[in-house]
Amino acid sequence: MTGWLTALLATNPHVAPWLETVATSPSPSASATPATFGANVIGFSFLLSLLVWGPAVMAAVTAIIPEPRPGQGRWFLGIAFWTNAGALALMIIGYSQFQAYTSGLQFEENLPWLPALGVSYHLGVDGIGMALLLLNGLVGLAAVIASWDVRDRARTYFVLLLLTQSAVNGVVVARDLFVLFLFWAAATVPVVVLVAGYGGPRRTSAAGRLLTYWGIGSAALLAGILLLYSAAGSTTFDVDSLGKAVISPRIQLVIAGLFALAAVTRLPLVPFHSWARDVLSEAPAGVVVLVAGVASRLGGYVLVRAYAGIEHDAARTLAPFLGALAALTVVYAVLAALHTNDVRRLAAYLALVPGGVTVLGVAGLTPLSLDGAVLFLFAGGLAAALIAGVAATLTERAQARTLGLAAGLAGRIPKLSWLLLVGCLSILGLPFLATWTSGLMVFLGSFRTQPGAAFVVAVGLVIGAAASARLMHRVVFGAPNPDAPTPSDATLADAWYLGILVGGLLWVGLLPGGPKLFGIPVVDPGLVNIVNTSTADLASTYTTTPSPTASPTATPTPSPSAAASPATSPTP
Amino acid sequence: VVGYVLVLGSVRTRRGAATTAQLTIIVMLAAALMFGWARIRQSGAYESAYQWLNIPVAFTGDQRFQGFGIDLSFRVDHAMLAALLTVLVIILACLTWHRVAGRAEQGPIRFQVNALLLALGATGVVVSGDLAELLAFWLASGLATYLLLGHRWGTEGAGQRSRIALALPFVGDVALLCAVGLLYSRYGTMTLDTLLPELRTATGVGLKSLTTASVLLFGAVVVRGCIWPFTAWQTATVEAPAAGLGLVAGVWPVLAGVLLLKTEPVMAASGPQSMRIVHYTLVAAALIGPLLSLLGVELRRTILLASSGALALTMIGLTFPVTLGVAFTGVLAVAAARTAGLLAGSTAAGAMRSVDLRAMGGGWSRLEDGSIRMPLTSAALLLSGGVLALAGLETAMLRPGTPIWIAFVPGLAVVAFAALRPYFSVAHGELRRRRAFEPSRVREAVRSVAGSALACGVLGLVALVLPFFPGWVRFLGAGGHAVQSLGTDVLWVLAPIAGGAAAGWAFVLRKDPALELCSRLGERFGVVWEQAGSLYDRFFARPGGTIVGAVEDVGVPAVESGVGRALSGAGGFAGLAERSLPWVPTVLGLAVVLAVVFGLLTQGLRP
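Residue numbers (the numbering used here), protein chains in the order written: chain A, 27 to 598; chain B, 277 to 883.
Heads up, some of the hints might be wrong.
[Said to hold, decoys possible] Per the computed footprint, the stretches of chain A lying under chain B, defined by three or more beta-carbons under 8 Å from a beta-carbon of chain B, are: (1) 186-199; (2) 330-342; (3) 420-428; (4) 449-459; (5) 561-569.
Read the hints as simulated data drawn from the structure, not as lab findings.
Here a beta-carbon is modelled for each residue, glycine too, at the ideal position from N, C-alpha and C.
Isolated chain B (complex conformation) (with noise of 0.2 Å):
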């Protein structure tokens, strides 16, 4: 917050906002690292609570409700910690890329307030233990979304990034507030604390609730994470500035598997019809969303696609409770390999001035840096969604035979084609001469830009390697446990290394067809799009406009040109009868008149 007022109030130059914003991340970084330092072997959550608001709103009627208070409540365990160091570490990255590569973006010092009002909603949504609390971070952290998406202004791009960066995720954002509503409802408090262990003893309080209201907290965690079919307000939106577009397609998944993990209590209550429901969603996205990164060429949209669907993958794990610690560190991979990603394949795309697969190459000769960047990053990409998975899988939770079980061998095997896809495309085969373009002028990115993807890369894979350190899933105290015989589930290994293999096939040694092949599909899949959007415009939109235009051109119009006809009747009436009568004797006769009929009339209607 001083940091946000600080670059808001005083900052007046570009290089002074840039560090401000990074030193603020810094010592935000270092706070929480002694704060880890100091509460490494101590098991429990660290918890504190202020009030914010604590009114009575009865005084009679049941008790639960007869206060209200939403307090600033901060509970952070190991978990959190995890998940606070990853979303600073990701948002200290994406300012020191900005800070250099971006400097020729507009509104600078509005590009650092929102990054950091990013960063004050993220940092609140990870500690919040409270849900209401949570809400507002949540919705503030979707503010700064929608603010650095459209951060281009004066642009038709940024109107309509801008205008999908709000009202698609506000979907979500929605879905949360009536979860939290239909919540306490229920149980007459929003604190977690208090609300887990009352999930299953409070009375009146059926399944049904908790499904639907597990079925909200699950629509908020899918739309913000963006994960398919949610994933136009982050794949529409790639013209945005690259730091702006890392810092949300990395901090918001870490923000919705925080959330699933916070509510993960309710949906392990709430039956087996809403975990029906999620695991279906998810492992569709997770067949899907890659797949759909396929049709098209555009380097970060391919990124954003197939990471969903690795997110995908790793936040099935977060549903069963014996897998959920190395789950929740396979969504921290796979958020930083994310944010990787984006910057690396955006320093590629600025060195080689195009965000075009197939005028794209050369990366490992052209680009040293780039050379170990863009491995890295495809790697935590694959490795973070498969290999986790993985580990996930070695538990016992999949049964041969379950849906889930079936759908997940073509999922690693999806997401790990489509996760390399990017990298083979950039690193390898030819770049070629074009207009204007010279292949021999490419020239290496700065180290501070190198850096930045590097260190989330690196992020990403400390994050894979980790959970099979039993140590760590202790540690995290999440849940679950690590790795213990890997045996024959090994053999899972397979699938993400068919899919591998199957990407360097198509896209080293036959890159050209197969990118052409991508590049049609994805303009079918374009016109198909745009079919669907006409269709929606004549059979919804339109309708919409014409009924809404009805009601208020003619509708409206009518009823009070009626109305005012009746009056004038009435008025001409009147007049009529000045004219032919005598005003005063009708005046004092209807007077009379009308004091017998009410005083008839109210002494008929009363009891």
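For reference, chain A alone in the conformation it holds in the complex (with noise of 0.2 Å):
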């Protein structure tokens, strides 16, 4: 093995620091804390670039191959599954492999690719980039199943479903900013184009108003990298040398002014959210869910990393006005659903609260609501893309999507109702649900610092609450429409894809630290395990100076009942 390797590099030199990533890559290592079951079985060092290349790959086979026969339509669809399935699988192993505890960059890979431009070929992933791998692995195979019914035209479909899941991979996991602007501006193209080859009437306005936000996002963000660049007199892209570069306050601004017009364009906020709505609203179901699920919470993911993880004094000044967005988006959103008869259009709007929450997570900027904001991002998405799902199939279903005709539709058509329900509750954050834990930490971590946003964000969830039961009221409880078309109840796909996002939803909400057999993890080492510790070196700049009878220390406060309790917790 030695001797192969050896002849290898002696024959060629470019291959050096490709297996010398390898083989110094981190790959998880044993450490103190618990391990889980399993864990350290399988090691993968490139488990990043098949994260993000696979898809991207499989996009190009699917593109390339000879039509298949008559009768063999369904490859695409195929292709596309047994890919997300795969790199789900994946992810669940880096997932379940993870080193909750430990900061720093995991499954890293750093290799140089325009070295005088200071880019480099990095990847990396903390528990935040883990998190929202996790969910585009979960919305991807549900977006994929959505597209069940996708038969016109169905290779440029699903190549373009790919490819926009491999943009997604990649602005998570890069740890350079310019190949994570790459990555970002790519994700834009296939979306636009599903949306402008796929969607409904309005297809075409949907897919303009999207191209142009996404754009005015776009060029934000690389206006904000190439100033930080310039500003820090930096040799790299390098998230990590960025973040320590000492920059003038004034220019902080500016950079974090830009990251979070970034942001704010693709999560959606408002005013930047007529996109959301029209593209939700009009898109096929697959293209909802991707949307959405994971492609706008990019927008939060950058927000996290970026603003709050780079311009600290910035993001410390803009707070205010960030939780002021927030804010303004929650109201906003349920106010207009509840001035709208089209179920879709509600739902879509129903889908910007999220965004709204996790946004004051970001603006607390305390340990907590840091924490809480990217556990948001998790199960915001999943819930997004539950309620707009449902909607996008049941108003299909239906074959009506005002609320005078998709009326009364419980009795007839009870598994999507019940599954509307459950969407309009996840938005609410019912208990036991992901978005009840991260909505509470978002919460009570932003009463320290924003109280005034995070009341009139929680009046605004009182009014998403009337908008929802507006909406239950029609659709689900009230009186069918006699004129209305027969409905049609959920199909097994419709059925799997929703309930792939109400299971992620269910096993966050209920089991956040991860199933435990005595004391030790079994199988999942816990999302909130996962996220904690890269949220906490995040927060460690946002931390308040210490009161005169608290001293810093390493050792987090256990939970008050953690010396009465017979069970054992992993604190580290």
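Two independent chains are provided; combine them into the complex using the hints.
Below is the structure:
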């Protein structure tokens, strides 16, 4: 083995950096923390590249394979499904092997790409990225299953879907801002084409809006990155290096403002939301799930990674404005939901709410609120995908999309009615769903620093309850419209794709710390545990000055019941 | 949880679902009784805690905020045990009532599932020792309530009910969320055992925060306790299945009382301002709720509003440490009596085929079991509201001349008057012949149906009598004392007696004109309410819609088209440039200019 490696290095020096990366990349190592059962069985040093480029390669394969014979028209769907299933399996393996309570990057890959510019192919994932990767895995699979009925131009459709997922994974794992921007911009094109090519009657307008807003966001992100690169006097685009640069507060404000603009156009927040309203009410269910669930969450990811993670002083300065924007978004979205009669549009407005709550968490800038914000990226993505997806499917199955026509469906399509109910409640933060746990963390954390914004968001949730109640009143509980077309209930594919989203919400909601057997984590190390060390690192800049009675300590305070509890906890 | 999963997952028949649900509640009741037996001689609370979520969120900064945990913390003392038993008896009674009287209802399995979810949530709220855990179970109970009140799917009425049942009480839920958030943001803990001792000692926490938290907590209590002005979510949903409404109306006052009892130290620590708000609100509710119940002749609405006054009166006692035990038992009594009244009233309404008090009557002679039930339940409603408030008044908490003292006398009288009205209207007077209704064919309800209401009524009466025994108040350990000497305080009895006598005169001797007057007043009130609704629509809803429409349909497209025109203009400029300029040198030149500008700019911006 060693001889072979030496020979290869001798004959081809270009391979050396790659192999070095593979050899030196820190594979998950044993730590003092209780290891998950099955951890370290499989070690991947190129896991992230596989996750990023795997869907892209399969998209290329899908694009070039010969036209299937009649009767084999589902090949494209099959390829997309198995690609996503494989990617999800890899993500789950990576997730289970991820060392919780360990700061720093894992599954890291670093190759020089454009040395003159300081651009490197640097991939890595911390707890924050792992949560988003997992979200993309779940939502991606759900999106493919939701596209079960796509038969017209299926090849193009699934190619674009796979490319989108590839780009989304790339944004999440990129540790080089230039590479991150490339993936960020690359995600735009396939989504726009999907909306324009496969949407409803107003698809052209929706695609145009999407392109405009995402284009503005991309431009802002690029400008912010270049300005940061320049102001930092850096020779690299690496996030970690740029994060340590000392930049004047005024420049920081400009950079943070540009990052925030990029984020709020993608997440989106009011007043940059019109693309989401149109896309979520016009695009097919699969695209809706992908956009609402994960593509738009990238805005929140950039907000956490670049805005709060790099521009600390500016983030503090801009926090009240960001909090106000979050409050405005939640209140405006639910007010707009109260005044529309289109089921899909109403659901699209409700799907804006998780974005507002996420941004509230980022604006809070406390350890707990940041932790909650990252968790809410995951939970809110699932919830937004669920509400928008179920509305898309329900209106399709009911052959009606106005509240007057799609009325009183509970008795006739009970599955979709129950799923719509769960979707509405997940937006509001029903206990035992992931949105409750993460939302609670956001609220409790942000009440310390942004009480006004948190209170207004809470008021917005009350109005959101009124909007949800209106939707449920008409569609589920109310009297059916005798003039409406005959509806049909969810197909097996619909039930599965919505079930995946509900399952994700329930799993993290019931077991945020993962299942434990005699105090030892089993199978799942717990999303909260995966996320919290990274966010604690992130938040360390923002922690307030210790009070006279409290001394800084590396040992986190255990829960008050820790002493009395018979259960042991994996507290480090 | 086991029963819930069983009914949800494997039961397919109405009887099977009802039996499993009842069995689940009976097992819970037996377990609670055994637990009570085991703890009867131990004054301390039973406590246990299991970590559900415990994570480090920071490694620097204030130590209180470095960790975050939510515990499954159970804290059961004697008061909570009494509350738990009351909740379980109420739920069992409603399930038993529904098994027979509600057999024609749609979705029988769905009903049992929702009832069990309410049982789960209510039990969780009662035994919670952690505010986050309490909030979770509180919200779960709210979900079950929503589903129970919107139970009859497929009708416009059910849709309306579901809408009110979700949106309005959510105000209280969010108030509770905000209160918990505020307390956590100041103290860094949500476990009551650690939070309450720190209320006055923690540095940097002022009265302002505590007052705000107290008002928010009280908001949750008032909304979910269905105390005026937040009664609409129950009074507007009286068309829901009777057992569902009885469940909701009986369980939530207990939960509201439990929340108030658990967080009473927060209110006590918050200073006089919040107490003043609480007292004025409750006194106003005690007067206005029963008065509103007189406007109209709908049986269940009448019972709900009258009992909301009784609940407000007893809740006042929960704000004084010296009367905690007495008042808490009063809350349990009102809750049981409320359910009893609703179940008995619904039984009578079913037999007489009307919910209009004008069309009812003669229950004393025609419904033998009913003639026992109605006095029992009405008396429970009256006495639990009135006499227990009297027991609270025995203490020195109310000095003559304070607003509470002044308001208490008419409050007691009005509650008594309003609470006895349904009884007198249903039990006495003539039951007239109507179209398609023959009074002689009125049939008695079966025993299990009658027994359900009777059980709740008896529970209410027992809870009413218990505070008069000093040993009970000591056993509760919630604070306060029993009536030791009635003395001149017995004069307070005159107020409810006067109210009851007035009700007897009005609704027995002059039943028809009195009820006709109530009906007319109710109609007038309905007209005023509709006008208020139209005003709201005119000044709030429609302008809101117009603003949203203007922004969404006009403003956003206008801005976007402006941007589009600008881009088109730029495109046109580019086209012009392409036609008239040699493009390769131009692009190169522009690139050079941009690079120079960028370089100069960044140099200039560099710190």
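Hints and how they fare:
Counting residues of the segment 186-199 of chain A whose CB lies closer than 8 Å to any CB of chain B gives 0, so the stated coverage by that chain is violated, three being the minimum. Three residues within the 8 Å Cβ limit are the bar, and the segment 330-342 of chain A against chain B gives 0, so the coverage statement is violated. With 0 residues having a Cβ less than 8 Å from any Cβ of chain B, the segment 420-428 of chain A misses the three-residue criterion, and the hint is violated. A stretch counts as covered by a chain when three or more of its residues have a beta carbon under 8 Å from one of that chain; for the segment 449-459 of chain A and chain B the count is 6, and the coverage holds.
Only residues whose beta carbon comes within less than 8 Å of a beta carbon in chain B count, and the segment 561-569 of chain A has 5; three or more means the coverage holds.
Against the hints set out earlier in the document, violations occur for numbers 1, 2, 3.
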